[in-house]
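Going by my numbering, 262 is the number at position 181 of the sequence shown; the sequence numbering is gapless.
The set of hints was computed from the structure by calculation and includes no laboratory data.
Be careful, since some hints might not be right.
[Claimed, not checked] Restraint ranges, calculated between C-beta atoms of paired labels, are given here: (1) 172 / 218: 41 to 47 Å; (2) 206 / 261: 44 to 50 Å; (3) 179 / 214: 25 to 31 Å; (4) 214 / 314: 33 to 39 Å; (5) 214 / 298: 56 to 62 Å; (6) 175 / 258: 55 to 61 Å; (7) 165 / 194: 43 to 49 Å; (8) 220 / 318: 31 to 37 Å; (9) 255 / 178: 47 to 53 Å; (10) 261 / 186: 48 to 54 Å; (11) 206 / 302: 36 to 42 Å; (12) 247 / 206: 39 to 45 Å; (13) 298 / 187: 39 to 45 Å.
[To be verified] Mimicking DSS-like on lysine-lysine, the simulated pairs with C-alpha atoms at most 30 Å apart in a straight line are: (14) 264 / 316; (15) 166 / 183; (16) 302 / 257; (17) 257 / 303; (18) 307 / 264; (19) 183 / 173.
Predicted model only: the values in this text are computed from it and were never measured.
Built from N, CA and C at the ideal position, the CB exists for glycine as well.
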Amino acid sequence: MNTDLPVHPRTGLRAVGIVGGRPVWPIFGAEDNPPAPPAGDPQAQEPPKPGPPPGQPTPAPTQPPAGDPPKEPGEDRPLGPNGEKALRAERKRADDMEARLKALEPLQKLAEALGATGDPGAGKSEIEQITERLANHEKQLAEANTARWRAEVANAVGFTAEQAALLQGNSFEELKAHAEQLKTLFPTAPATPGTPRPDPSQGGQGGTPPDLDAQIAEATKKGDIKAVLRLQNQKLANAKL
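Construct all of the structure, not just a fragment, from the sequences and the given hints.
Structure representation (structure tokens):
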């Protein structure tokens with residue numbers, strides 16, 4: 082044994098050699114003469130760390146301090162005034178867009194009810210389709226109302242089908258006023274004195290059938306102008322008999 086090698090101050094063991102100017106200390110349980118580490122091995126350049134002295138417990142490995150994990154570079158950096166302003170503007174824009182979409186839900190249901198296809202390649206937008214359908218519905222409703230009002234006025238003043246066709250107006254009042262003007266042009270023939278008024282309750286004894294007025298009223302209620310005029314002509318024909 083080489084007595085020139087240093088002795089460890091804690092373990093009292095003598096170094097087994099000198100590598101790189103530093104002593105190599107023996108390891109407990111190792112051979113007395115371990116093989117020399119190969120030249121150029123970086124692990125062999127560092128001597129093993131000395132263990133604790135006899136009777137002293139081995140210290141537990143140190144744990145990293147508790148808390149948040151280490152942050153990556155550039156993570157959770159402050160946005161700054163400009164970044165926060167841009168973030169608030171983006172959130173406001175998203176809220177406004179959501180409010181607009183919610184406000185358009187009733188129009189979407191109306192478009193589906195009216196049969197809007199929503200196909201931009203069809204040539205018309207959904208708004209144009211809805212507007213056109215509403216205009217058609219309003220036109221049909223106005224025509225039906227005018228026909229019903231014309232039938233009611235013609236029945237009230239006793240016009241024939243030809244006279245009723247001359248009535249003009251967009252409301253019941255206008256049609257009624259025009260009928261009063263036409264009455265001066267088409268005066269009704271005075272009733273023959275002494276002619277008894279037909280009794281509807283007598284059934285087949287002549288005169289107006291008992292249900293003819295009811296049929297005229299029903300056709301007027303339905304707005305069936307053709308039926309009203311036909312029944313009025315029938316009523317006038319029966320009155321001449």
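Outcome of the hint check:
Residue 172 and residue 218 have their C-beta atoms about 42 Å apart, which keeps the hinted 41 to 47 Å range intact. A C-beta distance of roughly 48 Å is found between residue 206 and residue 261, which places it inside the suggested range of 44 to 50 Å. For residue 179 and residue 214, the Cβ-Cβ distance of about 29 Å falls inside the hinted range of 25 to 31 Å, so the restraint holds. A hinted range of 33 to 39 Å for the beta carbons of residue 214 and residue 314 is consistent with their spacing of about 37 Å.
Taking 56 to 62 Å as the suggested C-beta distance range, the pair residue 214 and residue 298 does not conform, at roughly 33 Å. One distance hint, 55 to 61 Å for the beta-carbon pair residue 175 and residue 258, holds here, with the actual separation near 60 Å. Here the CB-CB span from residue 165 to residue 194 is close to 45 Å, well matched to the stated 43 to 49 Å. Between residue 220 and residue 318, the C-beta spacing of about 35 Å keeps the proposed range 31 to 37 Å intact.
At roughly 49 Å, the beta carbons of residue 255 and residue 178 sit within the given window of 47 to 53 Å. At roughly 51 Å, the beta-carbon separation of residue 261 and residue 186 lies within the given 48 to 54 Å, and the hint holds. The beta-carbon spacing between residue 206 and residue 302, approximately 40 Å, falls within the hinted interval of 36 to 42 Å. Here the CB-CB span from residue 247 to residue 206 is close to 42 Å, well matched to the stated 39 to 45 Å.
The hint said 39 to 45 Å for the Cβ distance between residue 298 and residue 187, and at roughly 40 Å that hint holds. About 19 Å separates the Cα atoms of residue 264 and residue 316, which keeps this hinted pair within 30 Å; it holds. Between the alpha carbons of residue 166 and residue 183 the distance comes to roughly 26 Å, so the proposed pair stays at or under 30 Å and holds. For the given pair, residue 302 sits about 17 Å from residue 257 by alpha-carbon distance, which is consistent with the 30 Å threshold.
Taking the CA atoms of residue 257 and residue 303, the gap is near 19 Å; set against the 30 Å cutoff, the hint holds. Between residue 307 and residue 264, the direct Cα distance comes to roughly 21 Å. Compliance with the 30 Å bound is thereby established for this hinted pair. Proximity of residue 183 to residue 173 is assessed by CA-CA distance (about 15 Å); at most 30 Å being required, the pair is judged to hold.
When the structure is compared with the earlier hints, a violation turns up for hint 5 alone.
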